[in-house]
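Protein chains: 4
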Amino acid sequence: VERVRRVLTARGLWTERLAGTAPAQLLVAPFSSEIDAADLARVEGIAQVGVAPSSHPLVDAAPAVARVRDVEIGPGRPPVIAAGPCSVESETQIRAAAGRLAATGVKVLRGGAYKPRTAPYAFQGHGAPALSWLRRAADEHGLAVVTEALAPEDVPRVAEVADLIQIGSRNMHSTALLAAAGRVGRPILLKRGMAATIEEWLCAGEYCLLHGAPSVIYCERGVRGFDPCTRNLLDLGAVALLAGVRRLPVLVDPSHAAGRRDLIPALARAALAAGAAGLLIEVHDDPGRALSDGPQALHTEELRQCVSA
Amino acid sequence: VERVRRVLTARGLWTERLAGTAPAQLLVAPFSSEIDAADLARVEGIAQVGVAPSSHPLVDAAPAVARVRDVEIGPGRPPVIAAGPCSVESETQIRAAAGRLAATGVKVLRGGAYKPRTAPYAFQGHGAPALSWLRRAADEHGLAVVTEALAPEDVPRVAEVADLIQIGSRNMHSTALLAAAGRVGRPILLKRGMAATIEEWLCAGEYCLLHGAPSVIYCERGVRGFDPCTRNLLDLGAVALLAGVRRLPVLVDPSHAAGRRDLIPALARAALAAGAAGLLIEVHDDPGRALSDGPQALHTEELRQCVSA
Amino acid sequence: VERVRRVLTARGLWTERLAGTAPAQLLVAPFSSEIDAADLARVEGIAQVGVAPSSHPLVDAAPAVARVRDVEIGPGRPPVIAAGPCSVESETQIRAAAGRLAATGVKVLRGGAYKPRTAPYAFQGHGAPALSWLRRAADEHGLAVVTEALAPEDVPRVAEVADLIQIGSRNMHSTALLAAAGRVGRPILLKRGMAATIEEWLCAGEYCLLHGAPSVIYCERGVRGFDPCTRNLLDLGAVALLAGVRRLPVLVDPSHAAGRRDLIPALARAALAAGAAGLLIEVHDDPGRALSDGPQALHTEELRQCVSA
Amino acid sequence: VERVRRVLTARGLWTERLAGTAPAQLLVAPFSSEIDAADLARVEGIAQVGVAPSSHPLVDAAPAVARVRDVEIGPGRPPVIAAGPCSVESETQIRAAAGRLAATGVKVLRGGAYKPRTAPYAFQGHGAPALSWLRRAADEHGLAVVTEALAPEDVPRVAEVADLIQIGSRNMHSTALLAAAGRVGRPILLKRGMAATIEEWLCAGEYCLLHGAPSVIYCERGVRGFDPCTRNLLDLGAVALLAGVRRLPVLVDPSHAAGRRDLIPALARAALAAGAAGLLIEVHDDPGRALSDGPQALHTEELRQCVSA
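Chains as they are written, first to last, in this note's numbering: chain W, 98 to 406; chain G, 98 to 406; chain R, 98 to 406; chain A, 98 to 406.
One or more of the hints may lead you astray.
Claimed, not checked - Far from chain W, some chain G residues (derived; all Cβ distances over 12 Å):
| hint | residue |
| --- | --- |
| 1 | Q122 |
| 2 | A135 |
| 3 | P175 |
| 4 | T189 |
| 5 | Q221 |
| 6 | D236 |
| 7 | R280 |
| 8 | G319 |
| 9 | D359 |
| 10 | G372 |
| 11 | S405 |
Unchecked claim - Label-pair ranges, simulated between beta-carbon atoms:
| hint | chain 1 | residue 1 | chain 2 | residue 2 | range |
| --- | --- | --- | --- | --- | --- |
| 12 | A | S229 | W | P325 | 35 to 43 Å |
| 13 | G | S187 | W | A138 | 29 to 37 Å |
| 14 | W | P325 | G | A134 | 33 to 41 Å |
| 15 | A | A119 | R | R174 | 53 to 61 Å |
| 16 | G | A138 | R | A126 | 19 to 27 Å |
No wet-lab data here; the hints were simulated from the structure.
Glycine is no exception: its CB is placed at the ideal position from the N, C-alpha and C atoms.
Just chain W, same shape as in the assembly (with noise of 0.2 Å):
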């Protein structure tokens, strides 16, 4: 048992050995590596390999890249930038953000049409309006849109606009959202859950693909967190192993994890370190006058700044 207990070890699984069995078991930590069962098997002295069932197997089947109009996205691809400002305040507005982003190599306009706010005063987004005018920004500039769904009857105005439907952070869990999200048949960007475990996210994953999504994307965007230096706590171990170790397309969303424009570059950096196969990052060219979060929005500039690097 000791011997195979090393031949685990040595593959960089944690093993306990349980007490009161005959043959001997061993039990697997949760955060050991990722290894195939049938892989285990083979190893000398393992005479049978048991393994929780999957509560997603469509995720574990789902290819790495997923396809958002003509834009691919996960391992192995160039990273894909998606900029645009947190709320669509104007045609104006976004038509302008959407031709300096194309011009700093933005492959992907993001802007909130339905904005999610903790506090029911706080600027709700301009609604089908803005769906409008962002699929109008992004077409005069060969951009494809990412936007936002808060709530089951809006998905189908949302999907006649985006090549990409954004479910947020306050709604991963919301499982009639994500089939409806679903069904209309367009590859979803599913942002974690405040305190999501990684099973819960892929949990969510595996309902927008069982009610029809071709593919998710999944957006890390910072969990909750203790310390309020920063917004929230960006989990790119999480990153990492979505990526690197299951091959699932992954985003970063940097702004609402740093909440503070000084810190957005270097964790952009280190996401796509991490295996993130590109980034969601708010950018507002006058964030003074900015309708919601223009302490986190970079200016177009700092965001080529930040993508040269």
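Go by the hints and put chains G, R and A onto chain W.
Using the frame of chain W, we list chains G, R and A on its own:
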């Protein structure tokens, strides 16, 4: 007031207007950018700026680059790799490790002589003899030595061999140990406590400096998280903040953060991209026989690939 | 200034003196006692008090006691027990349960017709038919009904049978659902999100009230924790704050907090001692055959002991 | 297998069937009820039960009731109140406090001579003289003494006056201090670390017992949380587990948990209802002049109401 708020927002600050005050007062939210108070006071329309007093003036005034023997660690310097086995298991082991690591570009040899273990029946380190093995092995290859002190009474003995005294996560809040470590006048590698806020971490650094440490290097190794897929949750936002904004020397320990070998190279790259001045990595060439933490140790060859990538 | 600080400290406020301000300014730390601003302004030596504006004025003005059918829930009222199976599994089951529970002093019958499940292949509830079974069973025994709505489109159907509409933890941040639930004009049982701050929870309550809910009852069910021994981490400090300081109606769900039957009676008693106006408890008389959450369901007899203790 | 699963579920266990095993294997989830392995092995259909070995056999075998001088602390004994000022500020203060507290039914006098403070410039305690003041004050009124040791070297001096040696949250992971405290042969009050798992906490207790402590009393004082409304997040699920299931002596410190006086009475009552054998409460009769933690100290009169309620 609204004009001033726009200016502050444009600078990356989240503000809230306090009701009931004349002249108007704005509160700046805690996760906003760090901006100099004198700078703010020059903004037109701002009459005065109140700031909470710092609890760590020595840290605030510390230079960005620390020197450990002849190795410089800090922003703008080449990344420094401190590597070695979790525990110093024998003189043979550490000498062999030192040779291989030096050939890989490692500048600092790490290895535990006193091991802080959650369970009292786990291997606690070889103690004093391991210290001499470590020192001799390092000297043969011109390496600096970092090793941990667990108790105030061990500090003098550790200081005899260590160029850099490590205070572990479990002891970051032990002010008696911080003071004892400071008094011997060596640079200190201060690992962040399991759930320490950045303020608490800097205050721990202040204890070290106040009692005589010439410099403190901060080591992020992941905070306690809720997801069982990784051992800890690596907080690279804290790294970006300490290294990039506060200009302090920061190392990252991806081994303890991930707890699993398959994520370490990605997190190591991410750490450097986030601004870390170097890495602290567990390396073992026969991890199946490691006396502690084998599943998270890289082979020297994996380290080489990870460093050169 | 020091005299004023002492007065504030004596009142339970943590203060910090801001440097660089004349006249002197004190910042009151966020976890201090709640004290009326007008009250503070009367302290000798205080010239003015600035307060961050509330994001939830309707919540602030709401009465302490909510009425669900003929049951009053809130401080100063007898504790209300809402109990029943996690899922409504059959008409027979829920009728039998209603009879037993009514005999135990339960006033509100709970049971899921639409179940939010992490995994898409888990039992999702019997839907509309389960709603009628639930209503009939409750009516036979003069019980009020609480059941969950998962999607805005289900709200009208749920409102036909429910005296109290439950919004689950997974949906606390789904503003579209909060608004839809508010519009039907029923009281709402608002479970706290997995990692929702108290401010976010109260803002979610504000959405409900703003869209028409006559009252909101807050239900603490544990937040995400790091310890695997319990399913969640029950936050009775939040209960003491909402019930005792803010004077709002609060229920506690010890079943989801503990996730294990052996801790539920102790946590139920603790919840009432902390100021909860009642409990939401899962009861199943054949937990081995429950379609969901059997291991955390009490038998009716255990509930009886727990309530009478 | 399904029949066996039902039996286990009915006993409060969450099970998962492992695929690929013959005979079938079930994994019991970590937050399930504690059930004796021998008991399980008697369930019809279960061939063998494997259990992870305990890391704390001495804790597992420890009696439920600890004796501190002539005071018994544990399940089934009357609740014990340990109270006093955060810091021993002067001999006059502690003598007056001891008199008032003894009259209120307090059995154990607490007071800090060595204070662990986050910031090095905060008051660190009067040290050795405070120890004698504390002892004399306690002796005048027949009280036992609990006070904290911060460093291994202070332990003998603390042990001369203390009937119960407190290890603070910041030092729960300091194995050198745990061992030193164990060696002097006094009962130990072991506060839970800021983010310590229950396993880690019990392992810390094992260190104390292994080095000679006659008994360990566990003190829950709140873990690190994400909500700024309370100083920490009180985990009464851990209390219910340790006191009710594991049958260990547990105290609760509502003062540090809440960090605000207005929540302390409610949390104190909740703690006792959850199964705590007693309370550790900060009391100060002139909190505006307290040298530490004034805003969370109760007046003696408030303590009296809180205890008699």
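- [ ] Against the earlier hints, flag every one the structure doesn't satisfy and list their numbers going up.
- [x] Checked against the structure, the hints that fail are numbers 8, 9, 10, 14, while the rest are satisfied.
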